[in-house]
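A.B. asks: Take a look at the letters that make up each chain.
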Amino acid sequence: AQSVSQHNHHVILSEAASLELGCNYSYGGTVNLFWYVQYPGQHLQLLLKYFSGDPLVKGIKGFEAEFIKSKFSFNLRKPSVQWSDTAEYFCAVNADNYGQNFVFGPGTRLSVLP
Amino acid sequence: GAGVSQTPSNKVTEKGKYVELRCDPISGHTALYWYRQSLGQGPEFLIYFQGTGAADDSGLPNDRFFAVRPEGSVSTLKIQRTERGDSAVYLCASKGQGDTGELFFGEGSRLTVL
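In the order they appear, the protein sequences are chains L and Z.
Taking this note's numbering, the leading residue of the first sequence gets 1, the next gets one more, and so forth.
Taking this note's numbering, the leading residue of the second sequence gets 1001, the next gets one more, and so forth.
Next comes chain L alone, as it looks inside the complex (with noise of 0.2 Å):
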């Protein structure tokens, strides 16, 4: 079965500091990657995804995320953070593009000082 884990259960930050957010998961095939934002008060919205290619992806509002086969790992990186950046990050796996199960981790909460 497939598994998510996120290292950090919550992570504060100042403003302008960088953000690395940790994320590995157990399947041995092959997945896609996908990395989900919860701003407070709204509903889960995808941030970026990897299918396949560059292993460096990027997705909206200047994240980037890094695909490490190797190491089961997908982490989520901003260069530097802003205070609307406040929210909860879920990284999530899907073993097979079309309908299958997608697990996703017990989320990271980002708060970000101004």
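One thing to keep in mind: the hints can contain errors.
Label-pair distances were calculated between CB atoms; the ranges are [claimed, not checked]:
1. K61/L with L1039/Z: 24 to 32 Å
2. S18/L with T1076/Z: 31 to 39 Å
3. S26/L with P1061/Z: 19 to 27 Å
Worth flagging that the hints you see were computed from the coordinates, not collected in a lab.
Quick caveat, the model's predicted, so the values are computed rather than measured.
All C-beta atoms in this analysis are idealised placements derived from N, C-alpha and C, irrespective of residue type, glycine included.
Mind docking chain Z on chain L? Use the hints.
C.D. replies: Below, chain Z alone, put in the same frame as chain L:
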């Protein structure tokens, strides 16, 4: 509609009562997912529909939970004999055909069982 719509947004019920939660997916989306999110945790998969049929219901916790999608559009999650442990936010997501892989989430239905 423009997005995934879920009703009710909040439901408070008493232990032992029956509850229905409704999801109206994005028009044309063939795949529909139900997730449950407890406080401080990531979304937990419940069931996935492809069209009218439940393609994977392995996440339903027990036989008190049931979901239908009779016409391949709107879906209803039904919970019988509710228990306090059923309290959570129930999320619905839909996905279109093709290879974008993105789940589009609704705002969720918050269920509180007293």
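A.B. asks: For the hint 31 to 39 Å, verify it against the beta carbon of S18/L and that of T1076/Z.
C.D. replies: violated (45 Å)
A.B. asks: Cβ-Cβ distance between S26/L and P1061/Z: within 19 to 27 Å?
C.D. replies: Because 22 Å falls inside the window, the suggested range holds.
A.B. asks: Range first: 24 to 32 Å. Now tell me if the beta carbons of K61/L and L1039/Z are that far apart.
C.D. replies: Roughly 26 Å apart at Cβ, these two residues keep to the hinted range, so it holds.
Checked against the numbered hints above, the structure violates only hint 2.
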